[in-house]
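So the protein lines, in turn, are chains A and B.
Numbering of the first sequence is given in this note's numbering, commencing with residue 1 and proceeding in unit increments.
Numbering of the second sequence is given in this note's numbering, commencing with residue 1001 and proceeding in unit increments.
It should be emphasised that the hints constitute simulated quantities derived from the structure, not laboratory data.
Don't take each hint at face value.
Straight-line alpha carbon distances no greater than 25 Å define the calculated PhoX-like cross-link-like pairs of lysine-lysine that follow [claimed, not checked]:
id, chain 1, residue 1, chain 2, residue 2
1, A, K79, A, K10
2, A, K60, B, K1073
3, B, K1073, A, K79
4, A, K103, A, K122
5, B, K1058, A, K61
6, B, K1058, A, K122
7, A, K122, B, K1073
8, B, K1058, A, K79
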Amino acid sequence: MSIFAEFLEKLRSTLINRSAFLRTFLIGAVLPCFLPLLERLPQGARLRRFLRPPGALAEKKFVDACIGCGQCANVCPNKCISLCGLEGGIENLATPKISARAKGCILCMACTQVCPTGALQKLEPTPEGIAAVKMGTAMVSEDVCYSFAGRTCGVCYRACPLPGKAMTLGIFEQPHVHEEYCVGCGLCEQACIHMPQAIRVFSNRSIS
Amino acid sequence: MHPYASSDPGILKQEHLVNAALQIRSGRLLVFLSILSRLTVVVLLCALALLTEYLNLKIAYNHPRLVELSSGKAMRMFYEAADTVFSKFGDPMQLAQTNGGMTWSIRLMGVPFTDPIAALSVLAKDHRMKLGFALGLTAPLALALLFGRAFCAYICPASLLFYFISRIRRWLSRWFYFPELSIHRGFSWGVLAGGIGVAVWTGHGIWTLILPYFAVGQTVFHGIAMGTLSIALGSILLFACLDFFFGRQFTCRYVCPTGRLLGFVGQKSLFSIRRNAQECLTSCNSCAEVCPMKVSPKLDQSVDCSVCGECLVICPTQCLSIGIRKVVSIPSHVASPIPERIHGSPPQSL
């Protein structure tokens, strides 16, 4: 009890008797509030919806929970997770993202095992665990795709971790994506031989 | 006993009893240890970032020759070295994945360590904490309760940078004048409150820019694992400029919210700086002058002491030591009066 009273007394004397404390405290508290102005700096086109690692919560909850410690990026054996800079705005700073064209996710679920705050929910690298992943959905641009132009390709189908379920082949190996099975790992986008890619993965997780 | 020191047999007896406890008197050892351990932390951060590279090589090539063909001889040597180390303890892949993170939240051999600011920030924004995350607080808080701000002198990689900057300042001060400014320490409480406010407003990423050691961790990770420059480099430069132009370890003293929080938690720490009042000289104030945290051992202050050992090196009578905090209070007539200060600010309390 005496410790508590001593603490209160100290707090009171610090807060009330010292205008210097209050002044510097206010200056210190106001300064970080200018940091979001960094967003006003001129930047290129901004993609607000990133592809997140597997097991991520809904976008807003994910950004709330993620502290940007980088453990997911650190254990990723595929090096497909990178940490955002300012390209996603200040709210996405230091959060993990996956750039599917550069490297898709191999669904090893190592990142979901290590997340300290639960921003990535724990998943196992089993067929059930993989089926529970919902990072996004692949979409084919039929006017760009080789197979839809009659030149048999089928590279995306061969890259797909769930062939026959998430993606089936038509005539000339034309890819058909089935949204209910597609987990959005981005391996098809990484593998696409057309430049720019004819198949893209879009994040379709709910916002909140 | 020093000839100019006051003497009182009763006090001497008390002092003798208290001094029997564990003590460190060698300041040089502490300074050396603090630099060594902070260097180790920097090396550890680089190694953790390189671990990503190792995991990638392991899963993609898994053969020294292929590794060498894909990324060169240096990487092959690193790959083989890491492989030998990890193979001794078990499956290299799994073992390597038990380590990760940076100064903000880190796992070493599966043991999590959490920054108190991270926990505060998560509590303020998300209101939930995982058990492992909360348990990770144990080690930092225990360190603070035992040694006060020892984190700042022994672990924080940013303070190593500031230490070197202070040495550069000292060398350059032969030709240039460098000011030694003091502001009220409420500033860092303000940064803490403002940082949590902005974290709730936008996101936790804001700490990348505010906390010096988080900025260092981000920069190292971005540079080594991802090969890009991090935005946090900008804030490191800002903090370095603050230190260079405004005062020795200015950021640690007046800006860093973690240091303030640890100093607050550890103000009654078990171990702290101790002064032998009988041997302390009345006219000398060198310990307060040299202290990077602007603590005055002369006045038996120990709040914010980071046990860096610089005052032990400078003390002419060796009356200072690091040991168990004094429980006996010394009568005021024995404690030396405060000498007139030639420069620097008047001593401040928290």
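Structure-based check of all given hints:
For the given pair, K79 (chain A) sits about 51 Å from K10 (chain A) by alpha-carbon distance, which is inconsistent with the 25 Å threshold. A hinted pair counts as satisfied when its Cα atoms are at most 25 Å apart, and K60 (chain A) with K1073 (chain B) does not qualify at roughly 44 Å. Restraint check: the Cα-Cα separation between K1073 (chain B) and K79 (chain A) comes to about 20 Å, which is no more than 25 Å; the hinted pair holds. For the suggested pair K103 (chain A) and K122 (chain A), the alpha carbons sit about 22 Å apart, so the restraint of at most 25 Å is met.
For the suggested pair K1058 (chain B) and K61 (chain A), the alpha carbons sit about 33 Å apart, so the restraint of at most 25 Å is broken. Between the alpha carbons of K1058 (chain B) and K122 (chain A) the distance comes to roughly 23 Å, so the proposed pair stays at or under 25 Å and holds. With a C-alpha separation of about 37 Å, the suggested pairing of K122 (chain A) with K1073 (chain B) is violated against the 25 Å cut-off. Proximity of K1058 (chain B) to K79 (chain A) is assessed by CA-CA distance (about 12 Å); at most 25 Å being required, the pair is judged to hold.
In the structure shown, a violation is registered for the earlier hints numbered 1, 2, 5, 7, in ascending order.
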